[in-house]
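K.L.:
Now for the letters of each chain:
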Amino acid sequence: QGKFTLLRDTRTDGSFLVHHFLSFYLRAGCKVCFVALLQSFSHYNIVAQKLGVSLTAAKERGQLIFLEGLKSCLDLLFGEEEQSGQPSPLQFLSEGASDLKALFDFVRTSLTPAGSDSWKGPVLLVDDLSVLLSLGAAPVAVLDFIHYCRVVVCSQLKGNIVVLVHSNEDSEDEENELVVNSLCHHSDLILWVEGLATGFCKDVHGQIKIIRRVSLELTAEKDLVQVYQYKIQDKNVTFFARGLSAAVL
Amino acid sequence: LVFTEEDKYGLYSNLLFKYFLAEGVVCGHELFVASAKEHPDNILKELPAPLLDDTYRNELGEEATAVKSEDFQDSMKIAWRYQNLPKMEASPTSTKFGHYYDVSKTMPPELFQSRNWHSFYLPEELSLQPKMKTCNMNSAYTRLLQSIQRIIYQEGFDGSDPQKKQKNILRIGIQSLGSMLWGDDICSSDTPEDIHSLTKFLYVLRALLRKSLSACIITVPAHLIQNKAIMERVTNLSDMVVGLESFIGSERETNPLYKDYHGLVHVHQIPRLNSLICDVSDTKDLAFRLKRKLFTIERLHLPPDLSDTVSRTSKQDLAESAKLLSSGCGAMAIGKKHLDF
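Each protein sequence line maps, in turn, to chains A and B. Every letter in the first sequence is one number past the one before it in this note's numbering, and letter 150, counting from 1, is 150. Every letter in the second sequence is one number past the one before it in this note's numbering, and letter 200, counting from 1, is 449.
So here's chain A without its partners, still in its complex pose (with noise of 0.2 Å):
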């Protein structure tokens, strides 16, 4: 319980965690929040069936709040004016102010219990927060965005957050690595998703570190790091330790 995930990845796409975290969540009965600024709703929807989860039906009970980015952003740029009176949750792009409190808004109103809800705890997942930046957003407001969650869904709601960004060691966008560097500091485990350091092959489609992040508990131990290797399947996804791909044994 309110706890920060940091899914991580580089040189490689890391959304079949989000995916997975997606379904996990829906199958525990909690209440999911997901903002999906990268893909459409029936992506999300076609993967999850094959995962055994439902998107549709967990949004008609209300399990379910779908902010699908993509099409927001349509109707705040090409809608008519607003006939609900709220203002769009990605506000930021067209006024030029760069913060994000809509966005946060949104997020508290979707997460905040209403009187009839069943659910155990609220979820936060989002997909992804470096688009953000590539939206015009300025890091420090992306930063302060997730601190304003934080407090909101993992400290007063006990919620978990699972947040996915992607990262390049030598990349050249300064902006991402302050962000991702800031966000790995205040995450309580980060799941970091790798190319394999050879490169390409069938079989492995790379390796996946596992930080549990120890180290903030001020009990001076170290951060338990694990790493495993990963092969991604039609419906599933198989993980074993390194160098024991099926295929080799």
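Simulated from the structure, these hints should not be mistaken for laboratory data. Being a predicted model, the structure only gives us computed values, none of them experimental. Please note that a few of the clues may not be correct.
Here are the computed lysine to any residue pairs in the SDA-like style, where the Cα-Cα straight-line distance is at most 20 Å [said to hold, decoys possible]:
hint: 1; chain 1: A; residue 1: Lys209; chain 2: A; residue 2: Asn181
hint: 2; chain 1: A; residue 1: Lys71; chain 2: B; residue 2: Gln395
hint: 3; chain 1: B; residue 1: Lys460; chain 2: A; residue 2: Ile46
hint: 4; chain 1: B; residue 1: Lys460; chain 2: A; residue 2: Leu74
hint: 5; chain 1: A; residue 1: Lys209; chain 2: A; residue 2: His185
Just the calculated beta-carbon pair ranges, DEER-fashion [said to hold, decoys possible]:
hint: 6; chain 1: B; residue 1: Thr484; chain 2: A; residue 2: Gln226; range: 25 to 33 Å
hint: 7; chain 1: B; residue 1: Arg399; chain 2: A; residue 2: Thr112; range: 34 to 42 Å
hint: 8; chain 1: B; residue 1: Thr484; chain 2: A; residue 2: Gln233; range: 19 to 27 Å
hint: 9; chain 1: A; residue 1: Glu174; chain 2: B; residue 2: Tyr402; range: 33 to 41 Å
hint: 10; chain 1: A; residue 1: Ser171; chain 2: B; residue 2: Tyr402; range: 34 to 42 Å
hint: 11; chain 1: B; residue 1: Arg399; chain 2: A; residue 2: Glu60; range: 45 to 53 Å
hint: 12; chain 1: B; residue 1: Tyr402; chain 2: A; residue 2: Arg212; range: 49 to 57 Å
hint: 13; chain 1: B; residue 1: Tyr402; chain 2: A; residue 2: Lys120; range: 19 to 27 Å
hint: 14; chain 1: A; residue 1: Ser42; chain 2: B; residue 2: Tyr402; range: 14 to 22 Å
hint: 15; chain 1: B; residue 1: Arg399; chain 2: A; residue 2: Asp203; range: 47 to 55 Å
hint: 16; chain 1: B; residue 1: Thr484; chain 2: A; residue 2: His147; range: 26 to 34 Å
hint: 17; chain 1: A; residue 1: Gln49; chain 2: B; residue 2: Thr484; range: 27 to 35 Å
For each residue, glycine too, the CB sits at the ideal point set by N, CA and C.
Please arrange chain B on chain A, whose structure you already have, making use of the hints.
P.N.:
Relative to the frame of chain A, chain B by itself:
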């Protein structure tokens, strides 16, 4: 959203661009062509002519049979284990997917005049005022987005008109985006005035594409963009990223490894839509060549090292180039660049 990094002189990426549009004409799709450089009418006049299936397959078939008859005679004596492996397929066997085009001829005008197509030529559009909210984007990009959105809405590509029974696909081609002709200075300066214009444009374009039945190809002079952060962000926002590197004027032109080819194709990213995995081909090394009639993309394979007078330095060269090739693909995994065994 197919994002193409142009080669230095724009020759080959232009060709790829025209192929995309020509395929659209032949399949009966509607076209939307946008450019700041050439008038779209001229672009359409230069589309390659489609080859009728039979003639091309005959040509391919002739070549293949000629090669086969020679080879059958000498079966391998020393490396006989390799005999059982299939021959290296340089080009894919004829499949029914897509059409082939003859680059030496242009498409007959009757073919595309019967189709519905729309154009956006920046110098003509500058006089009109944009109606949408600008969100701090470059005004040329704003106008382009508005134009695309208008066509999608009016022609019903986004399903807004239930009356329309026949669903068609809109093929959008945008040439040389990000260049100075579009009013963006990311190609000319190290610290551009607005580094977010291009990425915002791509995000909104992606939203429009996802919402409608359309596909888009963009060519960008990536070699001119100084700020590499922009390229990283752009790669993140596109579905497919392909880079063309031509050998003209570079030292690779004389490299014996590449003597049959005109350039390399770098596939940086392939789309991963609606599933956890993407379909990655076995090989990453692709090269292209422009023959008199055909533009082909083939697997790059090393020619056999037959000569025994090859000096050490040139062998070193070959090995270096071969190492640079297998850099992998973004959607799956890329290894570290300098890993020596």
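K.L.:
Would you mind marking each hint as holding or not holding in the structure?
P.N.:
Results for each hint:
1. A/Lys209 <-> A/Asn181: Within the cut-off at roughly 16 Å; holds.
2. A/Lys71 <-> B/Gln395: holds (16 Å)
3. B/Lys460 <-> A/Ile46: holds (16 Å)
4. B/Lys460 <-> A/Leu74: It holds: about 9 Å lies between the C-alpha atoms, which stays within 20 Å.
5. A/Lys209 <-> A/His185: Holds, at roughly 16 Å.
6. B/Thr484 <-> A/Gln226: 25 to 33 Å: holds (29 Å)
7. B/Arg399 <-> A/Thr112: 34 to 42 Å: The hinted range 34 to 42 Å holds for B/Arg399 and A/Thr112, with Cβ atoms some 40 Å apart.
8. B/Thr484 <-> A/Gln233: 19 to 27 Å: Since B/Thr484 and A/Gln233 have Cβ atoms about 25 Å apart, the given range 19 to 27 Å holds.
9. A/Glu174 <-> B/Tyr402: 33 to 41 Å: holds (39 Å)
10. A/Ser171 <-> B/Tyr402: 34 to 42 Å: Because 38 Å falls inside the window, the suggested range holds.
11. B/Arg399 <-> A/Glu60: 45 to 53 Å: Hint violated: Cβ distance 34 Å, outside 45 to 53 Å.
12. B/Tyr402 <-> A/Arg212: 49 to 57 Å: holds (50 Å)
13. B/Tyr402 <-> A/Lys120: 19 to 27 Å: violated (43 Å)
14. A/Ser42 <-> B/Tyr402: 14 to 22 Å: holds (20 Å)
15. B/Arg399 <-> A/Asp203: 47 to 55 Å: Given about 48 Å between the Cβ atoms, the range holds.
16. B/Thr484 <-> A/His147: 26 to 34 Å: Holds, since B/Thr484 and A/His147 (Cβ atoms, about 28 Å apart) stay within the stated range.
17. A/Gln49 <-> B/Thr484: 27 to 35 Å: holds (28 Å)
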